[in-house]
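As a plain string of letters, each chain reads:
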Amino acid sequence: MNDMVDLLKSIFKGTDARTLGENRLSVTTPRESVLAVLDYLKASGFYQLKSISCVDWIDDNEFELVYHVASLESPLHIMVKTRIDRGKPVFPTAMSIFKNAGIFEREMHELFGVMFEGNPDLNPLFLDNWKDIPPFRKDFDMRKYVKDTYDSIPSFEEYKWQKEN
Amino acid sequence: MAERELELIFGPQHLGMVGNLSISLNVEGDTILSARVKPGYLHRGFEKLMEYRNWIQNFPLVCRINMIESEPVEMVYAMAVEDLAGIEVPERAQYIRTMIQEMSRLSCHFTAAWAYTSILGFDTPAQWAMGDRDYLLDLFEDLTGARVYHIYNMPGGVRRDLPEGFEDKLLAFLDAVHNRLPDYNSTFFENRLFYERASGIGKISPEDAIEMGGTGQVLRGCGIKHDIRKLEPYAAYSDMDLEVPTREAGDAYSRVLVIRDEMVQSVSILKQCIEKMPPGKVYEKTPNPFKWKVPKGETYVRVESARGEFGLYLVSNGGNRPYRAHFKTPSFVHGLVILERLLKGANIADVGNIMLSLYVIAPEIDR
Amino acid sequence: MKNDKTTTRLKEAKGSVLTPFKAIKYLFQKPHTLRYPFETKEPSERYRGFHLNDWERCTGCGNCADICPNQAIDMVKIEEIEAKPGKRNERPRIDYGRCCFCGLCVDICPPGSLRLSRDYIHIDHSTDSFKYIAKDEKTEQESFVPVDNYSVLNASLAHRKVDYEGFVSDLEHCLFETERVQMPEVEADERKLSFMEQVIGYSREEARKEAERCLECKLCEEACPAHMKISDYIDAIYEDMPDESMRKILEDNPLPSICGRICTRHCEKVCSVGIRGESLAIRWLKRFAADSVRDYKEAVEQNVSKPTGKRVAVIGAGPSGLSLAYFLRLRGHDITVFDALPAGGGTMLIGPPLYRLPREAIERDVNNIASLGVEFMFNTKVGKDVMFKDLLDKYDAVFIGIGTSKSRSTGIKNADKCILALDFLKENKIGKGTKISKQVIVIGGGNVAMDVARVALRLQNMQCPNEETAIKTVSLEDWDIMPASEDEIQEAKEEGVQFNPAWGPEEVVLDDEGNIKGLLCKKVKSVFDENGRFAPTFYEDQKMLIEGDMIIEAIGQAPDFSFIPEELFKELKFTSRRKVDVDENGMTSIPKVFAGGDIVNTNLDAITAIADAKRAAQGIDNFLREEV
Numbered sequence: 000m001n002d003m004v005d006l007l008k009s010i011f012k013g014t015d016a017r018t019l020g021e022n023r024l025s026v027t028t029p030r031e032s033v034l035a036v037l038d039y040l041k042a043s044g045f046y047q048l049k050s051i052s053c054v055d056w057i058d059d060n061e062f063e064l065v066y067h068v069a070s071l072e073s074p075l076h077i078m079v080k081t082r083i084d085r086g087k088p089v090f091p092t093a094m095s096i097f098k099n100a101g102i103f104e105r106e107m108h109e110l111f112g113v114m115f116e117g118n119p120d121l122n123p124l125f126l127d128n129w130k131d132i133p134p135f136r137k138d139f140d141m142r143k144y145v146k147d148t149y150d151s152i153p154s155f156e157e158y159k160w161q162k163e164n
Numbered sequence: 000m001a002e003r004e005l006e007l008i009f010g011p012q013h014l015g016m017v018g019n020l021s022i023s024l025n026v027e028g029d030t031i032l033s034a035r036v037k038p039g040y041l042h043r044g045f046e047k048l049m050e051y052r053n054w055i056q057n058f059p060l061v062c063r064i065n066m067i068e069s070e071p072v073e074m075v076y077a078m079a080v081e082d083l084a085g086i087e088v089p090e091r092a093q094y095i096r097t098m099i100q101e102m103s104r105l106s107c108h109f110t111a112a113w114a115y116t117s118i119l120g121f122d123t124p125a126q127w128a129m130g131d132r133d134y135l136l137d138l139f140e141d142l143t144g145a146r147v148y149h150i151y152n153m154p155g156g157v158r159r160d161l162p163e164g165f166e167d168k169l170l171a172f173l174d175a176v177h178n179r180l181p182d183y184n185s186t187f188f189e190n191r192l193f194y195e196r197a198s199g200i201g202k203i204s205p206e207d208a209i210e211m212g213g214t215g216q217v218l219r220g221c222g223i224k225h226d227i228r229k230l231e232p233y234a235a236y237s238d239m240d241l242e243v244p245t246r247e248a249g250d251a252y253s254r255v256l257v258i259r260d261e262m263v264q265s266v267s268i269l270k271q272c273i274e275k276m277p278p279g280k281v282y283e284k285t286p287n288p289f290k291w292k293v294p295k296g297e298t299y300v301r302v303e304s305a306r307g308e309f310g311l312y313l314v315s316n317g318g319n320r321p322y323r324a325h326f327k328t329p330s331f332v333h334g335l336v337i338l339e340r341l342l343k344g345a346n347i348a349d350v351g352n353i354m355l356s357l358y359v360i361a362p363e364i365d366r
Numbered sequence: 000m001k002n003d004k005t006t007t008r009l010k011e012a013k014g015s016v017l018t019p020f021k022a023i024k025y026l027f028q029k030p031h032t033l034r035y036p037f038e039t040k041e042p043s044e045r046y047r048g049f050h051l052n053d054w055e056r057c058t059g060c061g062n063c064a065d066i067c068p069n070q071a072i073d074m075v076k077i078e079e080i081e082a083k084p085g086k087r088n089e090r091p092r093i094d095y096g097r098c099c100f101c102g103l104c105v106d107i108c109p110p111g112s113l114r115l116s117r118d119y120i121h122i123d124h125s126t127d128s129f130k131y132i133a134k135d136e137k138t139e140q141e142s143f144v145p146v147d148n149y150s151v152l153n154a155s156l157a158h159r160k161v162d163y164e165g166f167v168s169d170l171e172h173c174l175f176e177t178e179r180v181q182m183p184e185v186e187a188d189e190r191k192l193s194f195m196e197q198v199i200g201y202s203r204e205e206a207r208k209e210a211e212r213c214l215e216c217k218l219c220e221e222a223c224p225a226h227m228k229i230s231d232y233i234d235a236i237y238e239d240m241p242d243e244s245m246r247k248i249l250e251d252n253p254l255p256s257i258c259g260r261i262c263t264r265h266c267e268k269v270c271s272v273g274i275r276g277e278s279l280a281i282r283w284l285k286r287f288a289a290d291s292v293r294d295y296k297e298a299v300e301q302n303v304s305k306p307t308g309k310r311v312a313v314i315g316a317g318p319s320g321l322s323l324a325y326f327l328r329l330r331g332h333d334i335t336v337f338d339a340l341p342a343g344g345g346t347m348l349i350g351p352p353l354y355r356l357p358r359e360a361i362e363r364d365v366n367n368i369a370s371l372g373v374e375f376m377f378n379t380k381v382g383k384d385v386m387f388k389d390l391l392d393k394y395d396a397v398f399i400g401i402g403t404s405k406s407r408s409t410g411i412k413n414a415d416k417c418i419l420a421l422d423f424l425k426e427n428k429i430g431k432g433t434k435i436s437k438q439v440i441v442i443g444g445g446n447v448a449m450d451v452a453r454v455a456l457r458l459q460n461m462q463c464p465n466e467e468t469a470i471k472t473v474s475l476e477d478w479d480i481m482p483a484s485e486d487e488i489q490e491a492k493e494e495g496v497q498f499n500p501a502w503g504p505e506e507v508v509l510d511d512e513g514n515i516k517g518l519l520c521k522k523v524k525s526v527f528d529e530n531g532r533f534a535p536t537f538y539e540d541q542k543m544l545i546e547g548d549m550i551i552e553a554i555g556q557a558p559d560f561s562f563i564p565e566e567l568f569k570e571l572k573f574t575s576r577r578k579v580d581v582d583e584n585g586m587t588s589i590p591k592v593f594a595g596g597d598i599v600n601t602n603l604d605a606i607t608a609i610a611d612a613k614r615a616a617q618g619i620d621n622f623l624r625e626e627v
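Protein chains in written order, with numbering that gives the first Met the number 0: chain A, 0 to 164; chain B, 0 to 366; chain C, 0 to 627.
It should be emphasised that the hints constitute simulated quantities derived from the structure, not laboratory data. None of the values given here were measured: they were computed from a predicted structure. Hints should not be assumed to be uniformly reliable.
Said to hold, decoys possible - Which residues of chain B face chain A? A few of them, derived with a C-beta cut under 8 Å, are: (1) 21; (2) 42; (3) 44; (4) 45; (5) 47; (6) 230; (7) 231; (8) 298; (9) 310.
Even for Gly, the Cβ is constructed at its ideal location relative to N, Cα and C.
Looking at chain A on its own, in the form it has when it is part of the complex (with noise of 0.2 Å):
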């Protein structure tokens, strides 16, 4: 695993290479050099993208976007991370690399208003007709909604004075 990083240090300007305990790598990079790195560990052995995850850094002012790859023969599992401007999130989409790739970017769109460029189907996949602002960001506020949104259960006293009048 050390060669590992070391060889993605001496090829890739601006990267940085750590290890997490056993058989777990994590790369931070540039976003320019991003799918470059992805395409020279698909060409390594690491074939298999699991999933793409986004985190909202709001005191930064940068969402962290992670991409999971791994191969099947090895226990090694690689997360390759990049941070992008939270207030215009835009980012080239990894399908040519990954096939799979295009479902990740439709959930992570959809939940926190990153925008791929070159994915053809961006179509929110599990809310329907939603006004706000996407709701895992940090600003959303959620107890704020549910109380908005829906009738709060009136508590016990509440509940006692609805009946008596």
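Start from chain A and add chains B and C according to the hints.
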């Protein structure tokens, strides 16, 4: 759209649908031209809800992601928190976790047997499967206090030790299952009708399966020996004698037979667990939940659930709540990518057949 | 274990169509299903059903309400229960529309009173009964259905089954830590040879680990006489911010270094974790915070308000006097503190021995108060160097915090040859020291007697190290009612003090030259009479002579009111327990004169004195502002 093309909604309310999922089919006659899966009826926003509760309060929430098999979800969350906080789990707790994972796998396969056999029209083995599963739920009730949502794993071990007489009851149940398997075989798995219905249906090649991100039976049904319990052993699996069953054909028939072989494996692993269980304590205390702050970091852990690889990407920013939890569920890929691909060119009658041989469970897609 | 190969290799799927018909044999077997409700299945022993709560053990701490992930539990006030420190009159009410039966509330309950039963069925016409105040109805037999008449149908309409406990709390698997981080202390063999401080103190990791155990239920804050914000300052220690911790402590208690060493810990007695485990080491955490912050002024902003021009005189620089000076000074008044001793601290300066309360600790707190601008007049005895009447004329308000500075004497024959406890302790703390003799007898069974005995033992080890020495105590009280605290008695025993409980002193026996030879004692029959008043009775025929050449009397202390002139003293009202009577503002029956401390309260410890001072500070402040 050609003249004879119709759009058919194989909707959430349908006798052939198990779970709340809607598939919009473009059909011409009896053949499906294209399919589009529309999930979202069960989206409860778990990953967002988890950010509002502290680490221990999340356990009653997390087990509800998947009603049928709630154990792997609890275990993967407990493992992720232990990884971030650096907690060591006692050995006896690892064996108990292995045991309860296998019991859960067996219970989920019984449900798969029920769903698949009843969708093909074989009601008798369906009722048998549900009936046998009930005894397993009784065993869960003895061990954890609840039948479906166990809330039994905690970071640091498990919540209570095995009760008196539990091993004997479990062994009696396993012997009963072992004796029933010939009946299941003769009514369903060796039945000519099942072979005719399922062979050649939903065929996928190994390269496509890997490329589309399949795991679990989808890979094992194509002949690829892949099992996380052997690749990256967690809990006490490194001690267990485990064989990975595979079939070659890659169609619905092989996938269902792989499920059946795994049931036999589970019985064997459970017997080994009972034999090899070490003594000791089962819980290593963590700081109290009002104050516990897990150090900053991120981790990805995975387990082999009944349907494939179940993973969790957990990020902590040093507080007393998770910062981001993202679940990687097997049904997300199987149901949204592989299913759409396999339904092209299939018959309408085979929609349920293919969907359940991939073992797509709707709540896992939506979370 | 090998796989059973026969069942894995399936036969070719070309069997006959008749093989499925083998299933017919199941037609004649017993079905799995139960004819509910006539046949039922017993829930398992650990089933998680409805709640039970034992109201005798429940303290109303509210931890169950805090941990519930669905906010299903509320704490409601129950009028019939009487509230006392450590037991609130609130009990949990569970909303079964929200409860998910996870059992986390059971695992966090500190007394273990909340349990889950094996009942899970409830039917009612209205939804009101689904918000249920959990009770342990073992005593209310009417609401239970008798065992022989029990059926699920009956129970769901009537109520629960008796003795049907399911998921209960278990100390090994609960969610809080029952064992305390032990405070490192010097061993008895080493510490009895000198006056080194016995307690070494927590390190940063130990303090953090101890602070992690706090369940934030705040029962301790109610029990503390000064209502310190204990939960907040423990949290600040956990977050590794001792400055913030000191800020919270100084809001209610200006003497953290002193209290962190000698406080009587009302808080630890009611700590939730201490009900079934060891309570939080709150006093040691306060000590850690005070020791971590070298200079209080650098760490905490203590702003003195605009000067009001009012002057207050404080008599006595003990805990109540010092605290009053601190609180009033922060409000901008001019304070002058008079004390007969050469430094601040009052009884704390001369009483607690150096191995418990070193002088640096007292100096740190007193210097902090002095640095705010409080004027201290030491070596000034009111009634001799300054007259009480002058204070009343020159100052706008006077506070009396004189404490109990006179030791009492038994008054037995030749008692004038004995040494009084406070004189002995004072001589060895700020005086020249006593030349100790080899056989010392201490009369008394309270904390002061223990202090005297242990100081005398150290003096013996230091002054006559290789000779045979003994310290013996004689007390009226037997082990079960000995007033000293348990740790003091335990530590004294470890160091080698010999006890003689239930013996009463009768006479000091002198030898021919008039030196003490021993103490003649008689066996005690009882100490208190049937009304609880102090009236000891003896067996006159059982006597014992205890040998010794020095006797120290440590039987109690009394206040010295001699500085108050006769005509004012007549106006001073006392309560039935012979304490000075004060109203809710701390004012005595003499106008402009306030009081607090040991002369007012019956707890006789430092923290209650500080609480009195806090109350009086508010009262004096209001009084001075009205006077405008």
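Each hint, compared with the structure:
| no. | hint | result |
| --- | --- | --- |
| 1 | 21 | violated (11 Å) |
| 2 | 42 | holds (4 Å) |
| 3 | 44 | holds (7 Å) |
| 4 | 45 | violated (11 Å) |
| 5 | 47 | holds (6 Å) |
| 6 | 230 | holds (5 Å) |
| 7 | 231 | holds (4 Å) |
| 8 | 298 | holds (6 Å) |
| 9 | 310 | holds (7 Å) |
Of the hints listed earlier, those the structure fails to meet are numbers 1 and 4, in rising order.
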